[in-house]
Amino acid sequence: MKFICALLLLVSPFLSAQCVDNEELCATVGKWDFSIGLGAGVLTNPLHDGENIPLVIVPSFSYYGERVFFQNNTLGYTLYENESIAFSAITLINNEYAYFNRWHPQNIFLPKSSSDVIDQSPSESFQPDISYKKVAKRKWALDVGAQLNWFISNSVNAEFKVLHDVNKAYRGFNANAEVSKVFRINEHSVLEVTLGAQWNSEALVDYYYGISADETSASSSIYQGKAGVNPYLNIGYAYRINDEWQLKAFLKRKKLSSNIYLSPIVQDTTVDLIFMGFFYEF
Amino acid sequence: MNFKSALMSTLILVMGFHVYAEQASDSLGNVSPSIKLKVTPSVCIVRDKGQLCKMRVTASWESNVPVDVCLYSNEKQLNCWNNQTDVKQVFDISLDKKLIFTLRNRQKTLATQYVKVNASQSNKYRRRLRSQWSLF
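One line per chain: the protein sequences are A and B, in this order.
Mind the numbering: the first sequence is residues 1 to 282 in the working numbering, read in order.
Mind the numbering: the second sequence is residues 1 to 136 in the working numbering, read in order.
Beyond 10 Å from chain B on every Cβ pair, some chain A residues (computed):
| no. | residue |
| --- | --- |
| 1 | ASN52 |
| 2 | VAL56 |
| 3 | ILE93 |
| 4 | LYS133 |
| 5 | VAL166 |
| 6 | PHE173 |
| 7 | ALA175 |
| 8 | ASN186 |
| 9 | SER212 |
| 10 | SER217 |
| 11 | ALA218 |
| 12 | LYS226 |
| 13 | PRO231 |
The list that follows gives simulated cross-link-like pairs (lysine-lysine, DSSO-like), each with its CA atoms no further than 27 Å apart:
| no. | chain 1 | residue 1 | chain 2 | residue 2 |
| --- | --- | --- | --- | --- |
| 14 | A | LYS255 | A | LYS226 |
| 15 | A | LYS139 | A | LYS255 |
| 16 | B | LYS76 | B | LYS36 |
| 17 | B | LYS98 | B | LYS36 |
| 18 | A | LYS31 | B | LYS49 |
| 19 | B | LYS108 | B | LYS38 |
| 20 | B | LYS54 | A | LYS31 |
| 21 | A | LYS133 | A | LYS255 |
| 22 | B | LYS76 | B | LYS54 |
| 23 | B | LYS116 | B | LYS98 |
| 24 | B | LYS38 | B | LYS97 |
| 25 | B | LYS98 | A | LYS31 |
| 26 | B | LYS88 | B | LYS116 |
| 27 | B | LYS97 | B | LYS36 |
| 28 | A | LYS31 | B | LYS97 |
| 29 | B | LYS124 | A | LYS31 |
| 30 | B | LYS124 | A | LYS181 |
| 31 | A | LYS181 | A | LYS255 |
| 32 | A | LYS134 | A | LYS255 |
| 33 | A | LYS139 | A | LYS168 |
| 34 | A | LYS31 | B | LYS116 |
Sample of chain B residues with no beta-carbon within 12 Å of chain A, all distances over it, derived:
| no. | residue |
| --- | --- |
| 35 | GLN77 |
| 36 | ASN79 |
| 37 | ASN105 |
| 38 | THR112 |
The hints are simulated quantities; they were obtained by calculation from the structure and are not laboratory data.
Beta carbons: idealized from backbone N, C-alpha and C, even for Gly.
So that you can see chain A by itself, here it is in the shape it has in the complex:
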């Protein structure tokens, strides 16, 4: 930690990220930005029996005040900011719950008793696969924590987050570290590449992906989740057609930690997101 602080102090005087009228990296203070995207895409669901989440209409919001900011699902208050770093208190909804959302019409008629919750054949000696619909419902979590942004240059931003759920859903922590670089291809086109890693504490992994003795009658199905790291890569491309319209395409691949994908309710080792569509800015 001392090393990181020393490094920040060392580089701060030499690096600056001047903000001008640059829509990808900078926001106008005091102005709401709202856009709505219409296109086609999908977020894959790594759970057994988990339906992929279609993406057709994608709304996007952002507001930056002198201190307060809101961008999509993150609400924050910046405690300290200079040209090189920003330190903020933030809150956001943990997106792990999205895979367990049972509001899908197919999920309405679910077995409620614990006697019929396991898909297993008696002859199987290995850990059987379990539909996520047949384990106890997972709750959504509201995370609160801190975020540090390091503006390494005018086109490179490093972001670090540490969060804890305040509504006591999983009673644990998660953290995130990522580095993004914006490439301006020409006057109309921008490409952004992000490389990051998400760490989930043992409590989080166990809450969402663990199988307790209450949820299964087979001892071989019991699964104890452990802390794990999920690395990911994002690639976003935006082409500005005119003042109101943009064509955007986005790809994301997240590799799940073995402590997640070895869970009996998980069938995939990766989560992918792809979307392409037209965004109208109001």
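With chain A held as given, fit chain B onto it using these hints.
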């Protein structure tokens, strides 16, 4: 300067005047008016960009010959005058961006002046703390 040079200089001056007189006349032999238009003040200061500015301006124009003209702000007609050479009049205007004042006769625009809007507080910007792609 000898006589030959003096004669040449006189000829050039006379020919130059003749060319100018031809340019200032139309096909009917009428001399085109030379008009100066002035609108003051020419800048309105507002607090924020895009804010509406209400102000009182004085428009004045002078012509070397009596003319029939109308004054417009963008495409809105403000007033017309007949057979005048010198006019000064006050107008109340509202604008949120540059306004173009033009003095026109039936054929063409004779003079143009701009009134601009300047914001005293220009936009402030902050680095975004989440990527635009964080919606996914």
